[in-house]
Amino acid sequence: MTQGGMLMTFADRAMGATARSATNQLPQATVQLSYQFIDGVRIGEFVTARCRVLRRTKSLIFVDGEFFIGDRIVGSAQGVWKILSVPDL
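According to my numbering, the residues represented by the sequence shown are 62 to 150, in order.
These are calculated hints, taken from the structure and not from any lab test.
All figures in this text were calculated on a predicted structure; none of them were measured in a lab.
Please note that the accuracy of each hint is not assured.
Pairwise CB distance ranges, derived in the manner of DEER restraints [said to hold, decoys possible]:
| id | residue 1 | residue 2 | range |
| --- | --- | --- | --- |
| 1 | Met62 | Arg117 | 31 to 37 angstroms |
| 2 | Asp132 | Ala90 | 30 to 36 angstroms |
| 3 | Ser146 | Arg103 | 39 to 45 angstroms |
| 4 | Thr118 | Thr63 | 29 to 35 angstroms |
| 5 | Phe107 | Arg81 | 19 to 25 angstroms |
| 6 | Phe98 | Phe123 | 18 to 24 angstroms |
| 7 | Ile130 | Asn85 | 30 to 36 angstroms |
| 8 | Arg116 | Ser146 | 17 to 23 angstroms |
| 9 | Glu106 | Lys143 | 22 to 28 angstroms |
| 10 | Leu115 | Pro88 | 30 to 36 angstroms |
| 11 | Ser137 | Arg117 | 19 to 25 angstroms |
Even for Gly, the Cβ is constructed at its ideal location relative to N, Cα and C.
Start from the sequences, fold in the hints, and give me the full structure.
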C-alpha cells in the first residue's frame, strides 16, 4: 500500500496549485490541511485530483479536493492557504 504521507503530499501540491491559480501565481503557504483516507492505494495505481477553490479572502484561500483512481474515490481533503506578501525588489 502507498504510505499515507505520500498521499497527503500529493494533496498539498495539487490543492496548492489550485489555490495559486486563483491568485495570479502569488506565493503562498499551507496553513491547514485535513485529509480523510477513504480507500487504500496500491503501489503503481494512478491517483488523480479534482480540486476547487471554495472561498477567497484578502489573505486566505479555502480549497477542497477529492482524489480518485478511475471512478473510485480514495481520499478527500480540505485546506487553507495564506497569500504571502511579495517583497519590493
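Against the structure, the hints:
| no. | hint | verdict |
| --- | --- | --- |
| 1 | Met62 <-> Arg117: 31 to 37 angstroms | holds, 35 angstroms |
| 2 | Asp132 <-> Ala90: 30 to 36 angstroms | holds, 33 angstroms |
| 3 | Ser146 <-> Arg103: 39 to 45 angstroms | holds, 42 angstroms |
| 4 | Thr118 <-> Thr63: 29 to 35 angstroms | holds, 34 angstroms |
| 5 | Phe107 <-> Arg81: 19 to 25 angstroms | holds, 23 angstroms |
| 6 | Phe98 <-> Phe123: 18 to 24 angstroms | holds, 21 angstroms |
| 7 | Ile130 <-> Asn85: 30 to 36 angstroms | holds, 32 angstroms |
| 8 | Arg116 <-> Ser146: 17 to 23 angstroms | holds, 20 angstroms |
| 9 | Glu106 <-> Lys143: 22 to 28 angstroms | violated, 32 angstroms |
| 10 | Leu115 <-> Pro88: 30 to 36 angstroms | violated, 21 angstroms |
| 11 | Ser137 <-> Arg117: 19 to 25 angstroms | holds, 21 angstroms |
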